[in-house]
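J.: Residue numbers (the numbering used here), protein chains in the order written: chain A, 6 to 351; chain B, 6 to 351; chain C, 6 to 351.
Please note that a few of the clues may not be correct.
[Claimed, not checked] Derived DEER-like restraints, expressed as beta-carbon distance ranges:
no.	chain 1	residue 1	chain 2	residue 2	range
1	C	Thr29	B	Glu65	54 to 64 Å
2	B	Lys211	A	Thr264	32 to 42 Å
3	B	Glu86	C	Pro123	43 to 53 Å
4	A	Lys287	B	Lys211	53 to 63 Å
5	A	Glu136	C	Ala27	40 to 50 Å
6	B	Leu125	C	Thr29	48 to 58 Å
7	B	Gly32	A	Asn295	41 to 51 Å
8	B	Pro283	A	Thr264	49 to 59 Å
9	A	Asp286	B	Lys211	37 to 47 Å
10	A	Thr264	B	Pro344	21 to 31 Å
[What the hints assert, rightly or not] Simulated pairs of lysine to aspartate or glutamate, EDC-like, Cα-Cα distance not exceeding 20 Å:
no.	chain 1	residue 1	chain 2	residue 2
11	A	Lys323	C	Asp67
12	B	Lys323	A	Asp96
13	A	Lys211	A	Asp96
14	B	Lys323	A	Glu86
15	C	Lys323	B	Glu86
16	B	Lys141	B	Asp292
17	A	Lys323	C	Asp96
18	C	Lys323	B	Asp96
Think of the hints as simulated: they come from the structure by calculation, not from any bench.
Every residue, glycine too, gets a C-beta built ideally from N, C-alpha and C.
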Amino acid sequence: MFLRNAWYVAAWDREIGRQPLARTILGEPLVFYRKADGTAVALEDRCCHRHLPLSMGRIEGDDLRCGYHGLRFDALGHCVEIPGQAQIPPDARIASYPLVERFNWVWIWMGDPARADPALIPNWWWADHPEWACAKPDMIHVACNYQLINDNVLDVTHLVYVHASSIGNPAINDFPATTERQGNLVRLTRWILDRPAPPMYQAAGKFAGNVDRWQIVEHVPPCFSINFAGCADAGTGAPTGNIVDGIELMALSAPTPETERSTHYFFAFPRKFGLNDPALDKVFNVDFVNVFREDVAVLEAQQRAMERNPFAPSISIKVDAAPMAARRVLQGMIDAERPVRLTEPG
Amino acid sequence: MFLRNAWYVAAWDREIGRQPLARTILGEPLVFYRKADGTAVALEDRCCHRHLPLSMGRIEGDDLRCGYHGLRFDALGHCVEIPGQAQIPPDARIASYPLVERFNWVWIWMGDPARADPALIPNWWWADHPEWACAKPDMIHVACNYQLINDNVLDVTHLVYVHASSIGNPAINDFPATTERQGNLVRLTRWILDRPAPPMYQAAGKFAGNVDRWQIVEHVPPCFSINFAGCADAGTGAPTGNIVDGIELMALSAPTPETERSTHYFFAFPRKFGLNDPALDKVFNVDFVNVFREDVAVLEAQQRAMERNPFAPSISIKVDAAPMAARRVLQGMIDAERPVRLTEPG
Amino acid sequence: MFLRNAWYVAAWDREIGRQPLARTILGEPLVFYRKADGTAVALEDRCCHRHLPLSMGRIEGDDLRCGYHGLRFDALGHCVEIPGQAQIPPDARIASYPLVERFNWVWIWMGDPARADPALIPNWWWADHPEWACAKPDMIHVACNYQLINDNVLDVTHLVYVHASSIGNPAINDFPATTERQGNLVRLTRWILDRPAPPMYQAAGKFAGNVDRWQIVEHVPPCFSINFAGCADAGTGAPTGNIVDGIELMALSAPTPETERSTHYFFAFPRKFGLNDPALDKVFNVDFVNVFREDVAVLEAQQRAMERNPFAPSISIKVDAAPMAARRVLQGMIDAERPVRLTEPG
Numbered sequence: 006m007f008l009r010n011a012w013y014v015a016a017w018d019r020e021i022g023r024q025p026l027a028r029t030i031l032g033e034p035l036v037f038y039r040k041a042d043g044t045a046v047a048l049e050d051r052c053c054h055r056h057l058p059l060s061m062g063r064i065e066g067d068d069l070r071c072g073y074h075g076l077r078f079d080a081l082g083h084c085v086e087i088p089g090q091a092q093i094p095p096d097a098r099i100a101s102y103p104l105v106e107r108f109n110w111v112w113i114w115m116g117d118p119a120r121a122d123p124a125l126i127p128n129w130w131w132a133d134h135p136e137w138a139c140a141k142p143d144m145i146h147v148a149c150n151y152q153l154i155n156d157n158v159l160d161v162t163h164l165v166y167v168h169a170s171s172i173g174n175p176a177i178n179d180f181p182a183t184t185e186r187q188g189n190l191v192r193l194t195r196w197i198l199d200r201p202a203p204p205m206y207q208a209a210g211k212f213a214g215n216v217d218r219w220q221i222v223e224h225v226p227p228c229f230s231i232n233f234a235g236c237a238d239a240g241t242g243a244p245t246g247n248i249v250d251g252i253e254l255m256a257l258s259a260p261t262p263e264t265e266r267s268t269h270y271f272f273a274f275p276r277k278f279g280l281n282d283p284a285l286d287k288v289f290n291v292d293f294v295n296v297f298r299e300d301v302a303v304l305e306a307q308q309r310a311m312e313r314n315p316f317a318p319s320i321s322i323k324v325d326a327a328p329m330a331a332r333r334v335l336q337g338m339i340d341a342e343r344p345v346r347l348t349e350p351g
Numbered sequence: 006m007f008l009r010n011a012w013y014v015a016a017w018d019r020e021i022g023r024q025p026l027a028r029t030i031l032g033e034p035l036v037f038y039r040k041a042d043g044t045a046v047a048l049e050d051r052c053c054h055r056h057l058p059l060s061m062g063r064i065e066g067d068d069l070r071c072g073y074h075g076l077r078f079d080a081l082g083h084c085v086e087i088p089g090q091a092q093i094p095p096d097a098r099i100a101s102y103p104l105v106e107r108f109n110w111v112w113i114w115m116g117d118p119a120r121a122d123p124a125l126i127p128n129w130w131w132a133d134h135p136e137w138a139c140a141k142p143d144m145i146h147v148a149c150n151y152q153l154i155n156d157n158v159l160d161v162t163h164l165v166y167v168h169a170s171s172i173g174n175p176a177i178n179d180f181p182a183t184t185e186r187q188g189n190l191v192r193l194t195r196w197i198l199d200r201p202a203p204p205m206y207q208a209a210g211k212f213a214g215n216v217d218r219w220q221i222v223e224h225v226p227p228c229f230s231i232n233f234a235g236c237a238d239a240g241t242g243a244p245t246g247n248i249v250d251g252i253e254l255m256a257l258s259a260p261t262p263e264t265e266r267s268t269h270y271f272f273a274f275p276r277k278f279g280l281n282d283p284a285l286d287k288v289f290n291v292d293f294v295n296v297f298r299e300d301v302a303v304l305e306a307q308q309r310a311m312e313r314n315p316f317a318p319s320i321s322i323k324v325d326a327a328p329m330a331a332r333r334v335l336q337g338m339i340d341a342e343r344p345v346r347l348t349e350p351g
Numbered sequence: 006m007f008l009r010n011a012w013y014v015a016a017w018d019r020e021i022g023r024q025p026l027a028r029t030i031l032g033e034p035l036v037f038y039r040k041a042d043g044t045a046v047a048l049e050d051r052c053c054h055r056h057l058p059l060s061m062g063r064i065e066g067d068d069l070r071c072g073y074h075g076l077r078f079d080a081l082g083h084c085v086e087i088p089g090q091a092q093i094p095p096d097a098r099i100a101s102y103p104l105v106e107r108f109n110w111v112w113i114w115m116g117d118p119a120r121a122d123p124a125l126i127p128n129w130w131w132a133d134h135p136e137w138a139c140a141k142p143d144m145i146h147v148a149c150n151y152q153l154i155n156d157n158v159l160d161v162t163h164l165v166y167v168h169a170s171s172i173g174n175p176a177i178n179d180f181p182a183t184t185e186r187q188g189n190l191v192r193l194t195r196w197i198l199d200r201p202a203p204p205m206y207q208a209a210g211k212f213a214g215n216v217d218r219w220q221i222v223e224h225v226p227p228c229f230s231i232n233f234a235g236c237a238d239a240g241t242g243a244p245t246g247n248i249v250d251g252i253e254l255m256a257l258s259a260p261t262p263e264t265e266r267s268t269h270y271f272f273a274f275p276r277k278f279g280l281n282d283p284a285l286d287k288v289f290n291v292d293f294v295n296v297f298r299e300d301v302a303v304l305e306a307q308q309r310a311m312e313r314n315p316f317a318p319s320i321s322i323k324v325d326a327a328p329m330a331a332r333r334v335l336q337g338m339i340d341a342e343r344p345v346r347l348t349e350p351g
């Protein structure tokens, strides 16, 4: 069960061009391409005639022509030509989906097109701001349900165990996290004061001594998380907002459901330091992606274990507070989309 | 659901010899071999004792011996020896199937053996006639239901889109096709008059100018199609049967169901020109097979799309007339094989 | 359906060390490791928090720590640490399983721990006795139900067909076998008198003429078979127990169910001759394993055939007497573990 009336990241803008791109989102096969003027288009990837994926066809002008019997569809999904006949039946059409391009991502609205308000797209301005550099690595395909990724991002203690060699260190466990909810937003906050920087931060910031480090995650449904992270010399005032010679970075996470069992995991890493440092670019485009791949190994094993025995009991612990709050918010929104009868007729 | 009382092509004669050949047909595992005198045999590929495929056993004289406990079966499927015991129980037998060899194909009857009349085998005499050369390439395994192949062969407009570089050209769409039904035979006829020859025909025929081209498909259930094709200099009388300096070729198609989801696609290409031309032999044995492989890519994608969403709606268009007529004929024959009660008892 | 209250071979002792070993037994994912003092431990391979396999975690002292959120479990499966919180809820525990090491095998009890009596482990003393050499090759994973392996071991006629080049020869079929049942033990006995030795025995024993050969299989549920085998010069008294210049060997078989469809096949080969002969060591560690691999090909094909058509009829023959007796014994024990109501309430 997915939230339909929501924006999802469908692709990096660089992935969509004048060759059809096939991608399944929320279980629906879609085909993406650009019109002659560059406008991105998303259509159902299934000819309404004999079901061949239209992504096997070819782009002609602003339209897409099926590679089997040649039916031609415009960017709104209407069939505009059937070879061998003049009449086009009214049901010769396929679904089309609203798209908006922002932050180099192509966002898709999977629900009622009339409600596709671009203002509902998360305002992730750091990804496109001159005071920030932003690494925008390729999406990772993950064989797990997207909510396991939401859980993962909203729990920062796993860094100690999954990412010990890069961004985790045991100091994290010494400081409690707080979870807040503001409307649909769930915020997790942890400050790790006067402790050594984890390996990757130390490499980036070359800190002389201990640091004050923050881990703040803001999550909004269905799948958008900002992980504010960074550290500065201990005692210089970071917790009060006064960041001196620190490093400020973020992880923007947008895991888009492919199916109930698989996810297109999009993410980007804005940073406010070393903007023109190619070595740092590599840290974020390569090393941080490898950190995410450590999560992928865990997430896919978790999915397999849950599929193997869906009814195995599980306990919850303190670090689940934020993930569980986010799940409750999302489930409420999904439930609200479904027709509910409160009484029997009669 | 398959038509049982029908001949199907089981194999090329060259595929069956003194080593057991395992092949599934209509969902049933079969084993083929030749007796000492060369007669081909088809048996159930499952020992009646503990189910090991007999194709893992060995041929002894005219019989087949199981590779596990040594039960020996004759060419009619009767167990004739059980090591370690003298008595052979009456139910120690496996199914055997009538075979007929014709046109280098081994035909199998999958229904009531008493009804296995060789006269019911399609008379594809062109495949064995001195005035015709006939390419007989290896069978292609296709991961789709065989009726999608019937549909494909009975629609000649797809040549424009699937085979543009070989036997398709847009001129096809300028001329309507007619569909006729004669008993169980469905015939599709299209004449393309005074147009350029498609690339592969032009290479074969070296035509000086435009041609008159024919596409005539005759289909009989459950899966036998003759595609009469060819062209001659425009205006020289081909539509009246007077073929001068033209090229005449055919595709004989016999897609045998392996399962509901996969097919052994047998085909052959008789031609009435360049009988002793090795370059033309290559055109038909290699290039035309590659044309068929273009279909395979489409057919398998279509099958996957239909399995993924079996209830997606579909529209029908004019070119579906012949395929749909053939499906109706076949369904009627399948229905006729099944017991039907018209009234409730009592 | 498996017999729960029974010992099974879980692993060779050499497989378990200070790195977690994941292995599924009776359908349950388990993790094995050794404590600091070398004691072997078996736990459920699934964290009680979010289901990650604990085999992806790390051993700390005598405990196992989950690789996701760091929950730490002791060797009895009790959670002893949850990072970030002091309180450990009482249901924070996973299953643990009794283990006993014997004959270099690690035996696991999958049922009620209170009934895990080591005296119930088969007394396979030949595997650890100075008058016997014992080859202990690696386990083979077989994609079939373990009872097909029980059947295989309890039928010695298949040697003629499956192992003709090594331990089978047609003489086997000339002599009837007898089947006895003593409590839960099923014994199959066959003496092959005054016949040539099969190839592998001849190579080992260099017999001058014919031999008297025995094949005696003793099987106890759920999956333990001893195959006593060997031969001596014909007429020298072997059938009366007087073995002169003969070769005596055994196959100990312990196929442990992984799932209903797959098995960890453990086995060992004690022999009472050529104890310090490295060439013979190779015969048993390599050549005999290859003999077993011939069985594996048959068993996996049989499993596939049975899955493909579970309702295909089958006949039984004389050689099935022992396998069927063993199946009846086992089924009786499995049934006895299940609650049965003999009357309806009321």
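J.: Decide, hint by hint, whether the structure agrees.
T.: These are the hints, each one checked on the structure:
no.	hint	verdict
1	C:Thr29 with B:Glu65: 54 to 64 Å	violated, 42 Å
2	B:Lys211 with A:Thr264: 32 to 42 Å	violated, 53 Å
3	B:Glu86 with C:Pro123: 43 to 53 Å	holds, 48 Å
4	A:Lys287 with B:Lys211: 53 to 63 Å	holds, 60 Å
5	A:Glu136 with C:Ala27: 40 to 50 Å	holds, 48 Å
6	B:Leu125 with C:Thr29: 48 to 58 Å	holds, 53 Å
7	B:Gly32 with A:Asn295: 41 to 51 Å	holds, 48 Å
8	B:Pro283 with A:Thr264: 49 to 59 Å	holds, 51 Å
9	A:Asp286 with B:Lys211: 37 to 47 Å	violated, 60 Å
10	A:Thr264 with B:Pro344: 21 to 31 Å	violated, 41 Å
11	A:Lys323 with C:Asp67	violated, 25 Å
12	B:Lys323 with A:Asp96	holds, 15 Å
13	A:Lys211 with A:Asp96	violated, 64 Å
14	B:Lys323 with A:Glu86	holds, 13 Å
15	C:Lys323 with B:Glu86	holds, 13 Å
16	B:Lys141 with B:Asp292	holds, 13 Å
17	A:Lys323 with C:Asp96	holds, 15 Å
18	C:Lys323 with B:Asp96	holds, 15 Å
In summary, the numbered hints that this structure violates are 1, 2, 9, 10, 11 and 13.
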